[in-house]
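**Student:** Chain A is fixed; fit chain G onto it per the hints.
Chains as they are written, first to last, in our numbering: chain A, 1 to 222; chain G, 1 to 217.
Derived by calculation from the structure, the hints in this document are not laboratory data.
Any given hint could turn out to be false.
[Stated by the list, open to error] With the C-beta cut set under 8 Å, the calculated list includes, among others, these residues of chain A facing chain G:
| # | residue |
| --- | --- |
| 1 | L48 |
| 2 | S116 |
| 3 | L117 |
| 4 | E119 |
| 5 | A120 |
| 6 | A122 |
| 7 | L124 |
| 8 | G125 |
| 9 | K126 |
| 10 | G127 |
| 11 | R134 |
| 12 | P138 |
| 13 | H193 |
[Unchecked claim] Some chain A residues well away from chain G (every beta-carbon gap over 10 Å; in silico):
| # | residue |
| --- | --- |
| 14 | I19 |
| 15 | W29 |
| 16 | L30 |
| 17 | F85 |
| 18 | V135 |
| 19 | Y181 |
| 20 | I200 |
| 21 | L208 |
All figures in this text were calculated on a predicted structure; none of them were measured in a lab.
In this text, a Cβ means the ideal position worked out from N, Cα and C, and glycines have one as well.
Each chain, letter by letter, is given below.
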Amino acid sequence: MDWVPFWVSLQLGLWVTVILVVVAFPLAWLFAFSRRGWVLWLESVFSLPLVLAPTVMGFYLLLFLSPNGPVGKFFLDTFGLRLAFSFPGIVLAGCVSSVPFMLSGLKTGLAGVPASLLEASATLGKGRAETFWRVVLPNMKGGLLSGVILTFAHTLGEFGVVLMIGGSLPGVTKVVSIAIYERVEALDFGAAHLYALVLILVAYPGVLLLNHLQRRGARRSR
Amino acid sequence: MIHFCLDKTIRAGGKAFRLDLEYALTAGTFLGIAGPSGSGKTTLLRCLAGLERPEAGFINSGGEFWFDGLRKVFVPARRRNVGLVFQDYALFPHLTVLGNLLYARNDRRRALEWLDLFQMADHAHHFPRELSGGQKQRTALARALVREPALLLLDEPLSALDENLRDALGEEVRRVQRQTGVTTVVVSHSRREIDLLATEVMELREGHLDPSRHQLE
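For reference, chain A alone in the conformation it holds in the complex (with noise of 0.2 Å):
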């Protein structure tokens, strides 16, 4: 069995995760406290990926990423980087396609933090960057472990739009799930099934660690 797709797979998952426990945070903040307007069409705007196909997503990603497309030739132009058919642009593809299940875990765990925690912490004399590390962070664990595994997780089965921004150069951009789609295509069933059985082993655990962290959860809060 060729392993390469999962390395590429597992480098995509971390990238992702990583760019988005770090971009999706000041806009999980904003989501969770803000009541102005705008944000409601802000956020809506963020969800979009939940409900849109990949294909959707992929073909204007597509358009957007492209050597002569507005990002893509930024790209190009300034750090001469090509996004299409690239890994770093599949990396950006899986931000945009993930972005919503790590701002669904970031605000759960941000709304959960009692406002009152953080006015306490400054009325005990600390800072806005102390609060965070020392109040919010710990008390926001469950959100914060939950965003990272749902985002790891989808990024790992992600299939549509990375096949139509990064296409399926071995090594490069060819993922676990375009490689079952491939030896399926060969009606190699076989590798089909072993690919499959790996992705659910990992999946797996991940979701059954989320549902114990949700059951006590709400446990804690009966």
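**Tutor:** Positioned in the frame of chain A, the structure of chain G alone reads:
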């Protein structure tokens, strides 16, 4: 002395009114403000703590302006030396009782002294979820006092406790306040709670302090 004159619009229950009051707290005073729900009690405490900004007026603590509407001065909560005990205690659930005090002031010896004063030393390594309502309240008080604040603010501190515990803890709070001499403001909808704690009592109705204040002691 803490002298404040506050002006702020309060919107509650579909109506709006002005919090418009002035008071001079002499050092060591235990002022109690009683008033019905929605009369502006909590807003008053939040303005004094620096969690809300009044529209006009001033707050002067020993010559230092924490707020001055004319000169656009607003010292945020973290830079005011104020201890606030929240109605829901607001203890950090991921920290032990001792951890909550050390968060406020990283001085283990002082933290243990305060826990001892509130008879909480045996529970130093317990988490808030393992404590009773009275123990949580004692921890919240110790945490607010460990920084030795210039002003202690108590928001309905006894209302969540049963009657026996309320009397016992009320007595304890008075003892500690007398012992430390910290200037204290307590607000509550319960006149009984205010009478139990404070040495000087005012009524707050729709944002105005009743001028007919009287001394209990």
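**Student:** What are the numbers of the hints that this structure violates, sorted from low to high?
**Tutor:** Violated hints: 1, 13, 18; rest satisfied.
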